[in-house]
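A.B. asks: Residue numbers (this note's numbering), protein chains in the order written: chain E, 1 to 490; chain G, 1 to 490.
Possibly wrong hints are sitting among the right ones.
Said to hold, decoys possible - A short, non-exhaustive set of chain G residues, derived as facing chain E with CB atoms under 10 Å:
no., residue
1, His59
2, Ala97
3, Leu379
Read the hints as simulated data drawn from the structure, not as lab findings.
Where is the CB? At the ideal position from N, CA and C, for every residue including glycine.
Protein chains: 2
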Amino acid sequence: MSTRESELKPMDAEQLRECGHKTVDFIADYYKTIENFPVLSQVEPGYLHKLLPDSAPTHPESLQHVFDDIQDKILPGITHWQSPNYFAYYPSNSSIAGFMGEMLSAGLNIVGFSWIASPAATELETIILDWLGKMLKLPEDFLSVGQGGGVIQGTASEAVLVVLLAARDKFLRKVGKNSLGKLVVYASDQTHSALQKACQIGGIHPENCRLLRTDSSTNYALSPNVLTEAISRDIANGLIPFFLCGTVGTTSSTAVDPLIALGKIAKSYGIWFHVDAAYAGSACICPEYRQYIDGVEEADSFNLNAHKWFLTNFDCSALWIKDRNALIQALSTNPEFLKNKASQANLVVDYKDWQIPLGRRFRSLKLWMVLRLYGLENLQSYIRNHINLAKHFERLVTQDPRFEIVAPRVFSLVCFRLLPASKNEALANKLNHDLLNDVNSTGKAFMSHTVLSGKYILRLAVGAPLTEERHVNAAWSVLQEKASALLGTL
Amino acid sequence: MSTRESELKPMDAEQLRECGHKTVDFIADYYKTIENFPVLSQVEPGYLHKLLPDSAPTHPESLQHVFDDIQDKILPGITHWQSPNYFAYYPSNSSIAGFMGEMLSAGLNIVGFSWIASPAATELETIILDWLGKMLKLPEDFLSVGQGGGVIQGTASEAVLVVLLAARDKFLRKVGKNSLGKLVVYASDQTHSALQKACQIGGIHPENCRLLRTDSSTNYALSPNVLTEAISRDIANGLIPFFLCGTVGTTSSTAVDPLIALGKIAKSYGIWFHVDAAYAGSACICPEYRQYIDGVEEADSFNLNAHKWFLTNFDCSALWIKDRNALIQALSTNPEFLKNKASQANLVVDYKDWQIPLGRRFRSLKLWMVLRLYGLENLQSYIRNHINLAKHFERLVTQDPRFEIVAPRVFSLVCFRLLPASKNEALANKLNHDLLNDVNSTGKAFMSHTVLSGKYILRLAVGAPLTEERHVNAAWSVLQEKASALLGTL
């Protein structure tokens, strides 16, 4: 694609075809060889600075040169989230359907801020979030037929932020904007840090963010009693409870907050109730897991990351809301340069008013392709297969008396740790910290950690699209081998 | 790719290759025929609902069926931003290099929230924003060598939001968080609505957002005197000026705020000075246009949308900041499950703390590919060619006495209108409103409008990658033809 200055054709269709085919082959070859790479990148901080020039080239470089650099300089710095040996954090699924959707979205390259900017982008999003809402058996007031509806956000962080802002402004309209310092947010201490960040952004005072303590007695779920006590205390002190975030599948240990009880409390106090099911929500398309979101009927908003465990390439976070006007009142602007007949007549949805940024990509395309090219039954099997692999891993851990399971496995995450010879917790933490480091340093598997009630714990999350039983077994072998080495040196 | 439930292989490399090649051909064929589509979609609100089923399929559908639906049901609802006849809003460039970068990013599908999650994603972003910063001759304190640095945001809306939050929290740390209601923001009334939205989100009181009036006497640029007066008045009233947004290339008419003068005022009052060059910043890689950001030396932050006029597919908004710690202090969280050696030792950048969401795509890849596959000189020619086409269009308008140029053309946007027979402004507005509607309804060209000093004005922005002189001429012919028809019926 090297071009002389006088003939730059940045969008020539035949050049696009040629370069696109080469890129497809590069990516397909990557997936063919993905198991050859260390899962966790083993480079040192600053490695790339030494490999690249200090400034952009004056003249074009060849495509082959760029591909060579990606192979030689970029891939070593990649942590391979799509590797079948990736078990860290939560998965971030790629799929052929999702990848094709991304290609089409990048190919059309529209910016769908309002309906008129590409009606198909807005309308497909509304329709597909209704489809997904029905798959999850969400109550109808989350669908587009009434006052609610779905919207694709980039991430769960943005989802919780926009609903927090909607709730904040709804309350401030009632109590006056100078009462911002009195607004109180509730959630468990297991809630994703995105909530804390949303509070920071929205100006909620840090001392008014109640991250209520949980422990193993509730399997790290929020206790309704603890919540009620906190709310009562705050009201007695003249504060204004306004937002409750419940989680289905917490990041540390997949704890499930009791939505039914929490929903009743939120309703009785008139508090906005948001349900974060970023990871575990996908499992709820299976009838046997739908119970975990029972109570969502009482929620005001519900969120699931299709980019985690639902074969939709990053980013694609599905948010449903019952009162879309609350969102629009918090986030709308109406500049002259965007005015148009359809918007002014209120005939259409303008998703710019449902999100932080103005511009937006055509993300519903990939979710639509995932739903159509795989279908509900395949997607259910996909989820069940990962959960079965996690059960399998859990059994392996249970059979080795040197290890213990630390929190109940609910979905596809197993929380476990290596036990020290003595009951010294500080030693146990050091041991597991070192074990994780030793395992990840092999490059053969990548898992992550958390801390629960002061215990350092290893997390193995099954969910990468290529993971099979042999990969889980291999990860377990590495763990056993490194554990033996560590215990042997004690 | 139809698969039986038992054999779902969502990431089989050979299936990926086959499906990827088909998708490349679909996109290449789209570009071959892009001029056949009406630029502005001509569908009616709700069109897609009638064409799609009510729920997701239980079983997989064939790839051909999905492609047929994209062709028959989606493309009619697309407004073709990549069409050479697209002249609305501002451009949103696609390019072969940018498209390949998107493919690679979607293919690797990593989530680069922190360095460890894929070191290459973080390090390439730092390096490439240094490259681009040098191309723009930004002062060194915006580069990564000192206390500053660059980061890719999704959009200019997110860029202005994060710096507003950084500034807000920096001030509140000094004056106390209960003074939020006293903080005042300054900008011209031509500033993008993203600033107003950022203020809403950050809890800045609407009555403390000074959108200072501009008019044709300054070509719609912010007057330093008007700014100084407003600041003095606010200080006298016990308010706290904290944020000034200057624009280089406003959305309505490419007005350029006087950065040098504004920077001096901001400095003398200790106000955070942000420069929004979302559209026009790209032109500043040409020595002859660099003057428009003279004064950026005094700014605290600077933003340019590479996805607008810089051949980098949406989204990719480059933000530079002098005091990266201000950003990090406003936006960081440090949950246990993300802790790792490199981050804890402060050896690396974790871009999660420079932005709203936690997750982030590998966007630097596409910008790197654009810079390398085109090179500085090609990119400069690309910009100059569009500006020359806009000059050409401006000459055409000037030669027809029925039209007038309404604001000076600075870059590649021409603001013009049709004059009515009498000097009736209401009639003029109606006439131009109808003219725009008539032109866009032909599907032969798409342009947009704005209002300046009460005048309804047409905007023709040159900048789509495929636009040539013949397309500009064709747009002008449609305008003349529709103008004649309208004037003939008066």
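A.B. asks: A separate judgement is required for each hint: does it hold in the structure or not?
C.D. replies: The hints, checked one at a time:
1. His59: OK, holds: His59(G) within 10 Å of chain E, min 5 Å.
2. Ala97: For Ala97(G), the interface hint holds, since the closest Cβ of chain E sits about 7 Å away, which is under 10 Å.
3. Leu379: Holds - the Cβ of Leu379(G) comes within 10 Å of chain E, reaching about 8 Å at its closest.
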